[in-house]
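A.B. asks: Order-wise, the sequence lines are chains P and F.
According to the numbering used here, the stretch in the first sequence is residues 1 to 131, in order.
According to the numbering used here, the stretch in the second sequence is residues 1 to 111, in order.
Everything labelled a hint here was simulated from the structure, so no lab data went into it.
Here are the simulated DSS-like pairs of lysine-lysine, each with C-alpha atoms no more than 30 angstroms apart in a straight line:
1) P:80 / P:9
2) F:15 / F:55
3) P:9 / F:55
4) P:80 / F:55
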Amino acid sequence: MADPALRDKVEELIRDHPVLLFMKGTPEAPRCGFSMRVVQTLDSLGVEYGAIDVLPALEPLREATGEISDWRTFPQLYVKGELVGGADIVDEMYASGELAELLEVEQPEDAAPPSPNGQPTPGQSPPLQIE
Amino acid sequence: MAIELDEVRELILTKLPGAEVEVSDDTGQGDHLSVVVRAPQFAGLGRVEQHRIVKAAVQERMDDGSIHALSVKTEAMDAEGASGGGDAHTGAEGSEAVTSEIDAQSPPEED
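Take the sequences, apply the hints, and build the full model.
C.D. replies: Laid out in structure tokens, this is it:
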């Protein structure tokens with residue numbers, strides 16, 4: 001059972017933010033490669049979004065989103081109160097143009113997925129892992 | 001901790017009999033995995049629901065830490081078992097099955 005107060009708070013956040021990302025870390029300092037991918041996608045689309053760092057309360061938030069949306073992994077992107085999905089779904093929808101359509105923005109011309117080859121970029125630090 | 005790829009495959013097949021399941025190990029350490037699942041049961045379901053089914057199949061092994069990260073790619077296939085790869089599906093679920101999902105990074109945007 002999720003804490004009812006936390007669950008209410010999460011529902012309120014989802015309701016009050018047209019675009020809301022639950023992620024590990026912050027947009028400036030993502031702490032998970034999956035979260036970073038979604039941040040890059042949203043940034044490339046130029047949309048404003050709210051971001052919640054789940055790490056300070058990972059398990060309680062997992063419980064809460066599990067009950068609200070039946071989704072227990074992060075990142076989670078919500079648009080207009082609806083769960084869009086995690087990084088994989090966001091990538092697919094970005095590549096196909098569905099995400100731009102949903103967000104009512106122009107699809108960038110170079111709309112390749114953030115990591116088309118899945119190869120780390122040289123010089124980048126590896127993602128921090130939260131064990 | 002890690003998990004055998006065959007076990008992941010079996011867990012998914014138990015939930016989705018008749019599915020085509022490809023499991024790959026992104027890091028060689030058996031805990032960052034990618035799965036591509038083509039299943040007749042996905043027909044008519046949205047992506048979120050398809051992913052929920054796959055994740056539910058392996059939930060226990062994510063909760064116990066055996067699987068640290070899981071990329072999921074789903075695709076509906078028709079009942080005859082054709083995956084429809086390359087075909088243009090009608091509806092929202094006709095994506096190509098391409099795995100490019102690993103915990104990799106690109107440079108952050110600089111704006």
